[in-house]
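A.B. asks: Sequence:
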Amino acid sequence: MALSKPVISALSFYFGQLFEHPVRTKAITCAIIATTGNLASQKISGSKALDFHSLLAYGIYGLVVGGTIPHYFYNFLDWAVPEDASFPIAKKLLLERLVYSPLYQAFTLYALARLEGKDHDGALEQLRHLYLPVLTTSWKYLTIIHLINLSFVPPMLRVLIINLMGFFWTIYIANQRRQQKEKEGKKK
Numbered sequence: 010m011a012l013s014k015p016v017i018s019a020l021s022f023y024f025g026q027l028f029e030h031p032v033r034t035k036a037i038t039c040a041i042i043a044t045t046g047n048l049a050s051q052k053i054s055g056s057k058a059l060d061f062h063s064l065l066a067y068g069i070y071g072l073v074v075g076g077t078i079p080h081y082f083y084n085f086l087d088w089a090v091p092e093d094a095s096f097p098i099a100k101k102l103l104l105e106r107l108v109y110s111p112l113y114q115a116f117t118l119y120a121l122a123r124l125e126g127k128d129h130d131g132a133l134e135q136l137r138h139l140y141l142p143v144l145t146t147s148w149k150y151l152t153i154i155h156l157i158n159l160s161f162v163p164p165m166l167r168v169l170i171i172n173l174m175g176f177f178w179t180i181y182i183a184n185q186r187r188q189q190k191e192k193e194g195k196k197k
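Residue numbers (the numbering used here): 10 to 197.
Because the hints were derived from the structure by calculation, they are not lab data. Any given hint could turn out to be false.
[Stated by the list, open to error] Distance condition first, Cα-Cα at most 25 Å in a straight line; then the derived DSS-like pairs of lysine-lysine:
1. K127 x K14
2. K52 x K190
3. K149 x K100
4. K57 x K127
5. K52 x K192
6. K52 x K127
7. K57 x K196
8. K149 x K57
Using the sequences and the hints, build the whole thing.
C.D. replies: If you want it as C-alpha cells, here you go:
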C-alpha cells in the first residue's frame with residue numbers, strides 16, 4: 010500500500026497538469042517518451058555508444074511537434090465530427106488514417122532527419138526511401154489501436170495513449186532510419 014501512494018500522487022499531479030495545461034503537459038510527455046523510445050532503440054540495436062544527437066532530435070521533435078500537433082488534431086476531429094453524426098467513430102478513423110497519418114508520418118520523417126543534421130536533399134532522400142514502408146506499417150498495425158483510442162478513450166487522454174503507443178513506434182522508426190543510414194553508408 011505504501012508504494013501505491015507515490016504512484017497515486019504522481020498520477021494526480023499528471024492529470025492535474027493535463028487538465029490545467031494540456032498542450033504543455035502533452036508536449037513534455039511526448040518529449041520524454043520519444044527520447045526514451047530512441048534510447049531503447051539504440052540499446053536494442055546494440056549500439057556501443059549513445060547517439061546523443063539523435064536523442065536530442067527525438068526529444069525536440071516530441072516537445073515541439075509530437076505532443077502539440079496531435080492535441081490540436083484530436084480537438085479538430087471532435088469538432089469536425091460530432092458524436093451525434095452518423096458513424097462518428099468510422100469517420101474520425103478514416104480522417105485520422107487517410108489524411109492526418111500520411112501527412113504526419115511524412116513530416117515526422119523529414120523533420121527528424123533535419124533535426125539530426127541532414128540537409129534538405131538528404132532528408133528528402135530518406136523520406137523517399139522510408140515513407141511508404143513506414144506508412145503501410147502504420148496502417149497495418151496501428152489502425153486497431155486508433156480505433157480503440159477513438160472508441161473508448163476519453164478525449165483528454167487520447168494523445169497520451171498515442172504517445173504511449175509512440176514509444177514502440179519510435180523504436181520502429183529509429184530502427185528503420187538506422188537501417189537506411191547503414192544502406193547509404195554501404196553504397197558510398
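A.B. asks: Would you mind marking each hint as holding or not holding in the structure?
C.D. replies: So, going through the hints one by one against the coordinates:
no. : hint        : verdict
1   : K127 x K14  : violated, 46 Å
2   : K52 x K190  : holds, 17 Å
3   : K149 x K100 : holds, 18 Å
4   : K57 x K127  : holds, 22 Å
5   : K52 x K192  : holds, 20 Å
6   : K52 x K127  : holds, 23 Å
7   : K57 x K196  : holds, 23 Å
8   : K149 x K57  : violated, 32 Å
Of the numbered hints stated above, those contradicted by the structure are hints 1 and 8, listed in ascending order.
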